[in-house]
Amino acid sequence: MSKFVVNRRTLIKSGAVAGVGLAMPTILTRPSFAYTNEPTGSSVTLGFNVPQTGPYADEGNDELLAQQLAVEHLNGEGDGGCLNTFTSKALKGNGILGKKVTFVTGDTQTKSDAARASAKSMIEKDGAIMINGGSSSGVAIAVQGMCQDAGVIFMAGLTHSNDTTGKDKKANGFRHFFNGYMSGAALAPVLEGVYGKERRAYHLTADYTWGWTQQESIAAATEAIGWETVKNVLTPLASTDFSSYISPVLNSGADVLVLNHYGGNMINSLTNAIQFGLLDKQVNGKDFAIVVPLYSELMAAGAGENIKGVYGSMNWNWQLPDDGTKSFVKSFGEKYGKPPSNSAQTCYAQTLLYADACERAGTFNPCGVGEALEGFEFDGLGNGPTLYRAADHQCFKDVLVVKGAENPTTAYDTLEIVEVTPRAQVEYAPDHPMFAGGNLGKCNPGA
Amino acid sequence: MLKLGKNDLGVFGFVVAITLLAPFLMNPFPEGSALAQFNAGYPDLMQRFVIFGIFAIGFNILFGLTGYLSFGHAAFLGVGSYAAVWMFKLLTMNIIPAIILAVLISGLFALVIGYVSLRRSGIYFSILTLAFAQMSFSLAYSVLTPITNGETGLQITLNDPRVLDTVNTTGNLPVTGLFGLEMRDTATLEIAGWAFQFNVGFYVSALIMLAAFYLSIRVFRSPFGLMLRAIKTNQNRLNYTGLNSRPYTLAAFVISGMYAGLAGGLMASMDPLAGAERMQWTASGEVVLMTILGGAGTLLGPILGAGFIKYFENIFSKINDNVLHGWFNFMPDFMENVMVTIIHPFVGKGWHLTLGLLFMIIVIFLPGGLVDGGTRLWKRLLTRKQDNSSSVVATTPAK
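One line per chain: the protein sequences are G and U, in this order. Everything in the first sequence is counted per the numbering used here, starting at 1 for the first residue and increasing by one. Everything in the second sequence is counted per the numbering used here, starting at 1 for the first residue and increasing by one.
Because the hints were derived from the structure by calculation, they are not lab data. Bear in mind that the values here come from a model prediction, so they are computed numbers and not experimental data. Check the hints yourself; a few may be wrong.
To be verified - Computed list of chain U residues with no C-beta within reach of chain G, every gap over 12 angstroms: (1) 11; (2) 14; (3) 159; (4) 165; (5) 242; (6) 247; (7) 297; (8) 310; (9) 348; (10) 358; (11) 359; (12) 361; (13) 375.
As the list claims (entries may be wrong) - Just the calculated beta-carbon pair ranges, DEER-fashion: (14) G:416 / U:38: 29 to 37 angstroms; (15) G:41 / U:321: 19 to 27 angstroms; (16) U:190 / G:304: 29 to 37 angstroms.
We put the beta carbon where it would ideally sit given N, CA and C, even for glycine.
Bound conformation, chain G alone (with noise of 0.2 angstroms):
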């Protein structure tokens, strides 16, 4: 058996070449850039980090499909989409700031360790100087811290958590997504309204970020119009079948049903309890209900004859009257042959922004673009009036109540808006209980 023996010799040796090896970066030049990726060339990358694989696959696919169709109305291809409506008149149609926009994509998984790997790949390697996307808001938060170390923009796409623009905010992140605060303020008044002030509701709920986020929230609503909450069940996110979370419902005594679920998930506890027969239900010597305060319509297409009368809400849907709506509604149509998800809408909205947002600062800068951003008002993206806040990032705007059509005549329209909830009955402050305990920090324009 051989030894290891270290002597003044072998040390003086391995340290030189440790020595060497450890100075190597160092000897080297660094180039000086005023920011991160700041593009010196004719063209600027921005980068689309959406889920293409797993859970949330269908949502992250029509998000990049809206993505790219941003990026051809910021280039002057097309027929401009929402520039032609959009009250800010800073983009021209020759890209950003006179750079051709070019993109990349990546796959987040829906992990939150892929997402980052995918989107520092586009920032170290490719030099993305904004990454836009996202489909959980697990992944979010993670992306976001990646973009505020790396100082880049983050446009964050589909997140629906509290935390997102709350305890983990971040200067660098932005949302113009809805969150669930505001579900739950849209949406008590109308349950109220429908179903009466005195219900027992027992909620289940996805274990993590959003679905605990969401649960406060709707739970403190509906409170507050004298609901009584008799259980709060958490579900793990992977479970795809829901049954013996189904079956104690029925015998607790409540008589209305949160399904605080997304995606697939939503999917399978609906049809779980309708199956188990809930909606024919007479309890407390009321017709049983069910809630779902998160919709999308790729939910509710998947859902199917299911939805029909359940409640929710949602950030915008292409039925609306407005034209930012009928434009963007119509150049997705002519290019796919389909309406647009309310995710689609965000992340074409977020990139716009994005763009809108640099050409008024006249630079990439994250800090400049952040600013332009801070309080920022605008219209005619599909949304309304909407303000971007400058205490939180968090953009103010009507919230959709719907509800799943009785009578859907064709494959999109299985939702039908019950109410537009005006902006001012959704706002909160910066330092509301739910959202406190985080901390914007400054802007980081990396370099």
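Since chain G is already given, all that's left is putting chain U on it; use the hints.
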């Protein structure tokens, strides 16, 4: 000075060379050229290459030497990551305490799991480890959320205590470092269109990987390693000689768990985030694939396998239709669309498919993995050279 045999010294030298020169080797195509898509020389991916290299080297000590197939190795990687991130939150952003704690905790964890699982061998052992890993995953995902932050993953925040560090007044999150050397610091060398990136984090990980690799060579060549091989060859016979083999397997299990913890700690050091999905069974399966793909039981195999899989995951998954159209736009439109349609299912979100096909091809035609392919190629080259020089070499008789 290294106490290595001639062959091992060659292998070690080869690994040292390719790791330290990785920024050049991984970036063979100039920036802006169509083939730049295939460059892998950016810090994040190079870090992943070496970190997963460590993970696979450790796994190979268990699987390659003893033949015990652990299907839950990702649990140790995850535990290491959590331990490291907690050190960043509580103690300091210096990576040394984080890595030390990561290795210790995962070692302890491996001791407990190994003590139970190693009572069985073969498929039962694999299932036991798989069960433990899935259990850890579920715990991290939904039960121990105060410690792991569930699905969102554990991250550092501005409000963490970090008792050893000076008070942070910049308003930005602190970055991981080694006595003032920031892990994310990158220097770029631009030579005629090429841009080579030298990243501090990569070189730190690379040096640790080389140390880990050296250690694994020493384990392979030690009497302890010989004992592990004996276990793989015929454990029953070994037991009949009156020798208790379990302490040896347990030691191998703990060592390889500590390697995984080291990889997890390093991962957290490069990017201070720990997510539960690192412990999922797919992650455990990945390291098995890496080892088999590269060549189980060989020194070099696991490193090659790790690089191969990470390359596909990060490079092929990013080729989208736009890029494909770019490649084929010299063809007439019709041909271009046909080519894009043919290749489309194999890139982008279809990277799993390509990897699966390659894995099948390698396992069927090169049972010894990439290393096997390399040695076959080398032998063929050697024999051709001998034919050419037509020198009479005494052929070794068939054994």
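Status of the hints after comparison with the structure:
| no. | hint | verdict |
| --- | --- | --- |
| 1 | 11 | 17 angstroms, holds |
| 2 | 14 | 16 angstroms, holds |
| 3 | 159 | 7 angstroms, violated |
| 4 | 165 | 16 angstroms, holds |
| 5 | 242 | 22 angstroms, holds |
| 6 | 247 | 18 angstroms, holds |
| 7 | 297 | 21 angstroms, holds |
| 8 | 310 | 9 angstroms, violated |
| 9 | 348 | 7 angstroms, violated |
| 10 | 358 | 18 angstroms, holds |
| 11 | 359 | 17 angstroms, holds |
| 12 | 361 | 22 angstroms, holds |
| 13 | 375 | 26 angstroms, holds |
| 14 | G:416 / U:38: 29 to 37 angstroms | 49 angstroms, violated |
| 15 | G:41 / U:321: 19 to 27 angstroms | 23 angstroms, holds |
| 16 | U:190 / G:304: 29 to 37 angstroms | 57 angstroms, violated |
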